Amino acid sequence: MQITLSVNGESHALDIDPRTTLLDALRDHLDLTGSKKGCDHGQCGACTVHVNGRRINSCLALAVMHEGDEVTTIEGLGEPGNLSPLQAAFVRHDGFQCGYCTPGQIMSAKSMLEEFGNGWPSNVTDDLTAAPDFSDAEIKERMSGNLCRCSAYPGICRAIRDAAPDEGMHKTEAAE
Amino acid sequence: MRPFEYVRAETRDDAHRADGRIIAGGTNLLDLMKLQVETPERLLDVTRLDMHEIDEAENSVRIGALVTNSDLAAHPLIRKRYPVLSRALLAGASGQLRNKATTGGNLMQRTRCPYFYDTTQPCNKRAPGTGCQAIGGVNRILAILGTSDHCIATHPSDMAVGMRTLDARVEIETADGDTKLLPLDEFYRLPGDTPERETALEPGDLIVAVHLPDPPAGAQAYRKVRDRSSYAFALVSMGAVVSVENGKIASAAMAFGGLGPRPWRDHDAESVLEGETPSRALFDKAADVLLADAKGQGENDFKIPLTRRVVAAVLSDLTGVSQ
Ligand SMILES: Cc1cc2nc3c(=O)[nH]c(=O)nc-3n(C[C@H](O)[C@H](O)[C@H](O)COP(=O)(O)OP(=O)(O)OC[C@H]3O[C@@H](n4cnc5c(N)ncnc54)[C@H](O)[C@@H]3O)c2cc1C
Ligand code: FES
Ligand code: FES
Chain A
915 MQITLSVNGE SHALDIDPRT TLLDALRDHL DLTGSKKGCD HGQCGACTVH VNGRRINSCL
975 ALAVMHEGDE VTTIEGLGEP GNLSPLQAAF VRHDGFQCGY CTPGQIMSAK SMLEEFGNGW
1035 PSNVTDDLTA APDFSDAEIK ERMSGNLCRC SAYPGICRAI RDAAPDEGMH KTEAAE
Chain B
152 MRPFEYVRAE TRDDAHRADG RIIAGGTNLL DLMKLQVETP ERLLDVTRLD MHEIDEAENS
212 VRIGALVTNS DLAAHPLIRK RYPVLSRALL AGASGQLRNK ATTGGNLMQR TRCPYFYDTT
272 QPCNKRAPGT GCQAIGGVNR ILAILGTSDH CIATHPSDMA VGMRTLDARV EIETADGDTK
332 LLPLDEFYRL PGDTPERETA LEPGDLIVAV HLPDPPAGAQ AYRKVRDRSS YAFALVSMGA
392 VVSVENGKIA SAAMAFGGLG PRPWRDHDAE SVLEGETPSR ALFDKAADVL LADAKGQGEN
452 DFKIPLTRRV VAAVLSDLTG VSQ
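Line by line, the protein sequences give chains A and B. Per my numbering, the very first residue in the first sequence carries number 915; after that it's consecutive. Per my numbering, the very first residue in the second sequence carries number 152; after that it's consecutive.
One should not assume that every hint holds.
Stated by the list, open to error - Selected chain A positions facing chain B (in silico; Cβ < 7 angstroms):
| no. | residue |
| --- | --- |
| 1 | 962 |
| 2 | 966 |
| 3 | 968 |
| 4 | 970 |
| 5 | 971 |
| 6 | 978 |
| 7 | 979 |
| 8 | 1036 |
| 9 | 1042 |
| 10 | 1059 |
| 11 | 1063 |
| 12 | 1065 |
Hint data in this document are derived by calculation from the structure and do not stem from the laboratory. All of these numbers come straight from a predicted model, not from anything done at the bench. For glycine and all other residues, C-beta sits at the position ideal for the given N, C-alpha and C.
Make the full structure from the sequences, and use the hints.
Here you go:
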């Protein structure tokens, strides 16, 4: 099938089998190998990308279903020499060991901070109608879709906390 | 994954094709297609149809079938008036998955029974007539209520438990354009000797929305017990709405996940509570009624005492009884 995929602000014409996942389209057809394949079943988060600004697992998405959507990958956030605040904070705080889960962690964290800023509650939010607290418990719960086999969780948590203001999360909003 | 034809539904009619399989968020169907548990020949991508809205009507809220689990959980109206549903959604899956998972797809998600997932094993749900190896086999996560000799699978949804607590009804549009509104206990079928038929949907039917009536009076809660504190399916979960007036329980609704082939509700257990003074002894009596027909399958025997404790804990919280 002929499709056009918009990734990191650039439009790409692709000729793909409808079975191709968004993850495989990015990695195998567009050479954007930042997004990783861990489990290929939605269980690890290594493949996390943004579609229209929201984090999703690209391994459980068909590329053909995302024609017309805006896809952002880790390559779209920053690059060596010009890291995004979250990328820099992961380096500063030892937010990884082998680094395999890291692109997924960072993509997930970026969108998670936005969800937070929009006042979305989580499973550990006490009062569903108040602005959620930016606590470690909240960060951990909201990042539970990203596993780290090296268990770099303490550094990941610190990095997210540290980068939050620079990523634009100054305040959270309560439900009306 | 087996090859399939991809069709992007531009109109409702495109989605009513009986020879195609609907795909919405894809988070369950694609997972199963990769394992060849599901092998549809034609996928009908419904994501561009107009079913993304949450509308407030008189005495009800109508949730479009394509509303994502995260949008529904975060919606101010749901958080304020239907917190049991917000909480049930937030207890399920992960942030990424909830962004993709839809209301219709969540209702239709399939069991997590290990035999259903393993195409080298017999399974009456996946391959009718081959037998159920879960009976007497690996069944720790499987059902204790509503099972049959042919299948002991559970329905894994948290959202559906929240909706069952709230007397939600599923709006179905048939291929002829007719509309049906089914309460969840009519929407989901019990396995009997046809466990492959899980819902009342007929070929060509489309779920277009879920309707929530005004919430019942009282406090709402959702409690989920699982093997890790996040990103895991329920072993046992419970949604509840309980109102207490003048020291007595005026009304109670309780629905359970992890126990049966559909979100489980037992009005007889609720009646035990109504009109009575809340106490631990009363909660145990309600659990006795709820679990009267419960059948452990070996590995999942623990669900029976666990459910009793969940009932006591949730009802104690909601009525202020100290445990
Ligand atoms: C790792 C992992 C963990 C998870 N944990 C949880 C959990 O803890 N709790 C929980 O509740 N869920 C959990 N889930 C399941 C998740 O909630 C479901 O995958 C999701 O809700 C399915 O929605 P979807 O839109 O992606 O459905 P799809 O995969 O698109 O479709 C699922 C089924 O629904 C049918 N369908 C979809 N829309 C319609 C419609 N409008 N009309 C008729 N039929 C339709 C499809 O034909 C298909 O059979 C988990 C999933 C994964 C992968
Ligand atoms: S590769 Fe997508 S979640 Fe693991
Ligand atoms: S750094 Fe190795 S898996 Fe996370």
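Quiz prompt | Given hint residue 1059 (chain A) near chain B, where the shortest CB pair must fall under 7 angstroms | solution = 3 angstroms, holds
Quiz item: Per the CB criterion, is residue 1065 (chain A) less than 7 angstroms away from chain B?
Solution: 14 angstroms, violated
Exercise. Report holds or violated for the interface hint on residue 966 (chain A), using the least CB-CB distance to chain B and a cut-off of 7 angstroms.
Key: 10 angstroms, violated
Quiz item: Close enough to count: is the Cβ of residue 979 (chain A) nearer than 7 angstroms to one in chain B?
Solution: 5 angstroms, holds
Quiz prompt | Evaluation of the interface hint that places residue 962 (chain A) against chain B, nearest CB under 7 angstroms | solution = With a minimum Cβ separation of about 6 angstroms from chain B (threshold 7 angstroms), the hint on residue 962 (chain A) holds.
Practice problem: Have a go at the residue 968 (chain A) hint: is there a Cβ in chain B nearer than 7 angstroms to its own Cβ? | Solution: Holds - the Cβ of residue 968 (chain A) comes within 7 angstroms of chain B, reaching about 5 angstroms at its closest.
Self-check item: Residue hint residue 971 (chain A), partner chain B, criterion CB-CB below 7 angstroms
Solution: 5 angstroms, holds
Quiz item: Any CB of chain B closer than 7 angstroms to the CB of residue 1042 (chain A)?
Solution: 4 angstroms, holds
Quiz item: Against chain B, is residue 1063 (chain A) within 7 angstroms by beta-carbon distance?
Solution: 15 angstroms, violated
Self-check item: When the least beta-carbon distance from residue 978 (chain A) to chain B is tested against 7 angstroms, hint result
Solution: 5 angstroms, holds
Practice problem: Could you check if residue 970 (chain A) really has its C-beta closer than 7 angstroms to a C-beta on chain B? | Solution: 5 angstroms, holds
Exercise. May I ask you to test the interface hint for residue 1036 (chain A) with respect to chain B, counting a Cβ-Cβ separation under 7 angstroms as satisfied?
Key: 6 angstroms, holds
In summary, the structure is inconsistent with hints 2, 11, 12 from the numbered list given earlier, while agreeing with the others.
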